[in-house]
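Participant: Okay, here's what each chain looks like letter by letter:
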Amino acid sequence: MRQLITFIRKEFLHVFRDRKTLLMLFGLPIAQIVLFGFALSNEIKNSRIAITDYSKDAVTEQLISKIASSNYFDIQRTVQSATQLEAAFKKGDIRMAIIFPADFANDLVHTGKATIQVIADASDPNLATTITNYITRLVGDFNTQTALTAGRPLQILPEMQFLYNPELRGAPNFVPGVMALVLMLVCTMMTSVAIVKEKELGTMEILLVSPFKPIYIIISKLTPNLLISVVNLFIILMLSAVFLDLHVKGSILLLTFDSILFILTSLSIGLLLSINAKTQQAAMMGSMMGMMLPTMLLTGFLFPIENMPLPLQVLSNLVPSRWYFIIVKKVMLKGLGITAVWKETLILTGMCLFLFTISLRRFKIRL
Amino acid sequence: MITLSNIKKTYNKGAVQALNDISFSVEKGELFGLIGPDGAGKTSLFRILTTLLLPDAGQASVDGYDVIKDYRHIRNRVGYMPGRFSLYQDLTVEENLNFFATVFDTTIKENYDLIKDIYQQIEPFKDRRAGKLSGGMKQKLALSCALIHKPSVLFLDEPTTGVDVVSRKEFWAMLKKLKQEGITILVSTPYMDEANLCDRIALVQKGDILSIDKPAAIVSSFPGELYAVRAAGTHRLLQDVRNYQGTSTCFAFGDALHVTFKNAGSQPLLEYLHTKGHADATIEKIQPTIEDCFIHLLK
Numbered sequence: 001m002r003q004l005i006t007f008i009r010k011e012f013l014h015v016f017r018d019r020k021t022l023l024m025l026f027g028l029p030i031a032q033i034v035l036f037g038f039a040l041s042n043e044i045k046n047s048r049i050a051i052t053d054y055s056k057d058a059v060t061e062q063l064i065s066k067i068a069s070s071n072y073f074d075i076q077r078t079v080q081s082a083t084q085l086e087a088a089f090k091k092g093d094i095r096m097a098i099i100f101p102a103d104f105a106n107d108l109v110h111t112g113k114a115t116i117q118v119i120a121d122a123s124d125p126n127l128a129t130t131i132t133n134y135i136t137r138l139v140g141d142f143n144t145q146t147a148l149t150a151g152r153p154l155q156i157l158p159e160m161q162f163l164y165n166p167e168l169r170g171a172p173n174f175v176p177g178v179m180a181l182v183l184m185l186v187c188t189m190m191t192s193v194a195i196v197k198e199k200e201l202g203t204m205e206i207l208l209v210s211p212f213k214p215i216y217i218i219i220s221k222l223t224p225n226l227l228i229s230v231v232n233l234f235i236i237l238m239l240s241a242v243f244l245d246l247h248v249k250g251s252i253l254l255l256t257f258d259s260i261l262f263i264l265t266s267l268s269i270g271l272l273l274s275i276n277a278k279t280q281q282a283a284m285m286g287s288m289m290g291m292m293l294p295t296m297l298l299t300g301f302l303f304p305i306e307n308m309p310l311p312l313q314v315l316s317n318l319v320p321s322r323w324y325f326i327i328v329k330k331v332m333l334k335g336l337g338i339t340a341v342w343k344e345t346l347i348l349t350g351m352c353l354f355l356f357t358i359s360l361r362r363f364k365i366r367l
Numbered sequence: 001m002i003t004l005s006n007i008k009k010t011y012n013k014g015a016v017q018a019l020n021d022i023s024f025s026v027e028k029g030e031l032f033g034l035i036g037p038d039g040a041g042k043t044s045l046f047r048i049l050t051t052l053l054l055p056d057a058g059q060a061s062v063d064g065y066d067v068i069k070d071y072r073h074i075r076n077r078v079g080y081m082p083g084r085f086s087l088y089q090d091l092t093v094e095e096n097l098n099f100f101a102t103v104f105d106t107t108i109k110e111n112y113d114l115i116k117d118i119y120q121q122i123e124p125f126k127d128r129r130a131g132k133l134s135g136g137m138k139q140k141l142a143l144s145c146a147l148i149h150k151p152s153v154l155f156l157d158e159p160t161t162g163v164d165v166v167s168r169k170e171f172w173a174m175l176k177k178l179k180q181e182g183i184t185i186l187v188s189t190p191y192m193d194e195a196n197l198c199d200r201i202a203l204v205q206k207g208d209i210l211s212i213d214k215p216a217a218i219v220s221s222f223p224g225e226l227y228a229v230r231a232a233g234t235h236r237l238l239q240d241v242r243n244y245q246g247t248s249t250c251f252a253f254g255d256a257l258h259v260t261f262k263n264a265g266s267q268p269l270l271e272y273l274h275t276k277g278h279a280d281a282t283i284e285k286i287q288p289t290i291e292d293c294f295i296h297l298l299k
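Chains as they are written, first to last, in the numbering used here: chain A, 1 to 367; chain B, 1 to 299.
Here are the simulated EDC-like pairs of lysine to aspartate or glutamate, each with C-alpha atoms no more than 20 Å apart in a straight line:
{"no.": "1", "chain 1": "B", "residue 1": "Lys116", "chain 2": "B", "residue 2": "Glu94"}
{"no.": "2", "chain 1": "A", "residue 1": "Lys10", "chain 2": "B", "residue 2": "Glu95"}
{"no.": "3", "chain 1": "A", "residue 1": "Lys197", "chain 2": "B", "residue 2": "Asp90"}
{"no.": "4", "chain 1": "B", "residue 1": "Lys116", "chain 2": "B", "residue 2": "Asp127"}
For the record, the hints were derived by calculation from the structure and aren't laboratory data.
If we strip away everything but chain B, and leave its shape as in the complex, we get (with noise of 0.2 Å):
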């Protein structure tokens, strides 16, 4: 559905490497996730394939079309959802989905059962101007708006990014529906956590791929045993399980250090710590995420 080959592109005359020889495939049905920071590079990707950028050297295609030959074939198929809010904010919420459902030469009706489930939720406010509404409900229009010609790809690029974590858990399950019909959507967020939510996701940093495989697959090939260290002052903690001769790699994660060793079993540090005064030290062993994946494949 989705096939890039060795897709490069810099800006500046190349000075900043954006892609970086990035290849992958994305099948027909997919929910594929882009996850990685700000700066990875992930909004050019969408640009490419949604045929607003020319890459500098490679190959892609969608639903079959060449990215730079086969443009206008490409635009009438897909749904983009740029980063940024991209609705008119002086337009109220029916004014938006009109505009687009016409631009995109369909009308509400026709195609109303696809976004009905998002499109009630905001519908009580469709008199409202598209600049008043709150974050969660202008994700939902903005998601409406790509998805009123019946896409056969939609992109949604850093579609949850500032919206609050109750619009993002019912977003990610519109996107499990629309996979549902049949619709290929390719994804990107900066939330580790939303990565286990599709089936196939990208680890991206600085324009390289780090690795492509199912969020499962990608966290059971974390090397080795991880360790969930706890205890009061996590700062001077850090330091202290930084400095232990027996630890390969420690970071903070929220209230706890995640830790690995050089060698297996982790009883010495927790003697180690005791001797430095934490005297509240714990540790378990936890299965490593998403996001332990990425920072152990950004070493």
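Chain A with its partners taken away, still in its complex shape (with noise of 0.2 Å):
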């Protein structure tokens, strides 16, 4: 036990001695937070969009002051002519414009029907859509509005409700999102790298031949990585809510658990990789290409698993990090209980137990 002990404090010495890895250790929550949180939004803030008023009437006006009012366009009123339309397109001035013809308040009275043209830039598909969707349904408030106050009978109106994110913000999915991705990535990394140095030191012939059992070096390792990546959960938590008003909805303490499950198996895999690395960028780049990857695809925070292929939605349920995912949506999110988390936490488990066997009986006890 006394052995135990010596061993790590003497790799929490490692850690905390190599401030470089320390820096990456805690800046890499950070930035991915800061990254993911402000600048690499796919909500729409301020989309630049030309407004071309033919008309100039009252209705124009109305419908043209309600759509600047929404915070989602910044709208130039500058551009007139369809050449300088198209050059506003081409330049990227702009990425939507709006059209209203002569006669449009003319056409709405006389025949009840007008047209508005919309144009927009389908260069990137995902922002045209969304911006499009934008107008058509401030159009179509505009219009019941304008209905009810006209006391016309008989309208269906469609009341939308976005359940656990009303305001569509892109927080709550990419919050998830990175806490999987930064606890998987730091600690396979971290581990498969302190273990493979040792190796390159050769400290490890030294430890090998040694009373010291193998399941005490790889516990030793463990522990270290295992109580950062706990900092690191309450790092992002804290940040998630200061910064993006983002809070744990259900019980901390079955977030916590499960994260750790979490933390156990990507350790467990970490201790996998160093097991066959020889060199330490080799551990390295091995949890950066064979981690990073799989769980940004497969997890299902960047794109959905259920537009995938077959074969790649049967790839994902072998990803840890897809599991932990949804635990972390309905916990944090949803603030359901264990009844509604109990699968993933048992593939959790099982995963996390079958990697360490194996990575505890591939452990080599000599070179």
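Combine both chains into one complex, guided by the hints.
Facilitator: Dropping the structure here:
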């Protein structure tokens, strides 16, 4: 026991004396949150659009002021001719153009029908779809409002409600994703590097030629990483609460428990990587390439798994972060309890035990 | 204390022969040297004896325990210093020593006597990180760490490689002292001059043992007489001596050539060299060194 404690203390000394790694360990979650939270948002804010109004009547003024009052658009009204519009699109100055034809109000009053031309830059299809949807909704709203004030009967009004994330913010989706990504990366990388480092230095030779049991070596290597990862987890939760206004709805205890389970799974993967890697670089590349891509692509936080071809869907079941991502979403966003996530928890437990047993059995007691 | 019989080891599925049917034994309390150049198989031998590698064939035992079956027992009682400096660079001198003492389930206090002479020299730097030590001090620290649990057998793989001359001398003086404590020591070195400091040596080359004996006995087994030939312009001298019909072997050793002849007597060479323009050539009979024997055995 005294041996184990000394060994664990030694591991902590390694971590705390390596400033660069320490900076990376705690910088990574902060950088990810900032990156996803503020820079890489798929919400539409201040999209530049051009509005060309050939009619210039009361109705178009009303509609334009309604569009302007939303926060989504940054409206330019200087572009007037078709050639100017085309040039603006080509330069990328505007993402969308709304054109009110002459006689807009006239048509509306006399035929009960008027058209607006909406032209969107679809070179970015997601953005184009999203902003045209916003416009359609705004115009629809405007329609029903004027219809109601005019007192026309029998209207069917769809009332939409967005559950768990009414403002359609990005944060509720990416915070669980960042948690999965950061914990996975940090755990696998740190563990594999920590063990391969001893091999590279040659200290592993001395440790093996000692009464110290291999399982102790593994435990002492994993302990600091486990603790650091738990600290990382709380940093992420705190950052998302303070800066992104995203709080844990469910039980923090349950979330922590499942996170530790996920951390242990990732640590075991790191252990497994280290057994075959000869150099620290190989271990690092292995964890980056081998873990980062599957975690990014097959977790479901960048691309929905339901839309993937079947082989990829099957493959995604093998990615631990996929299950963890589901757990975090359910517990953190929906506030559900263990009854809702027992299946995922069980799968993670199984993966964890399986991976740990394999790496333990494959840990080499010789060179 | 250490026995090996018919140990074989190959790498890359038999493509590289590391050890070729090696057999020898080391007595208790003996200071045994493995002498040979890089790639001779010394490290493979150490790793097999310290249970880090499995031999392809043959048996070996350390302190009465089989290196394959009883590897746990062996790991409890040997001290091992691998060839590369293998301590934690980011831990201080004291932290390193403490760590290895604890790993071997002992304390610095308990065995301080054993390492006192060595450790005292680096104790003033005990708060310095191991990575910041000089080569000689690193070596002393590594030896202290390997000794801290009072091993019955000490394996030192090229402990003096990359260490300055003074530190090398001190190091060997320490080994002598440890021997007096009754510790069996197996040490490897590429430096032939260190061979004389061992009780017995094995000359190894490409996985084969060329000779095992006391250094003095190996030297006296050198056949024939050895001469040192000196003159200005060693390179041209080497060519000329080699072309001389009476020359058996000729190798450059520093500023001199070590020469043996087919027949006894050396005088005709000097005359031959004078005709070749080496007016300042001198020749003297010398005692062969371990290195001479090694080169002789390599033929």
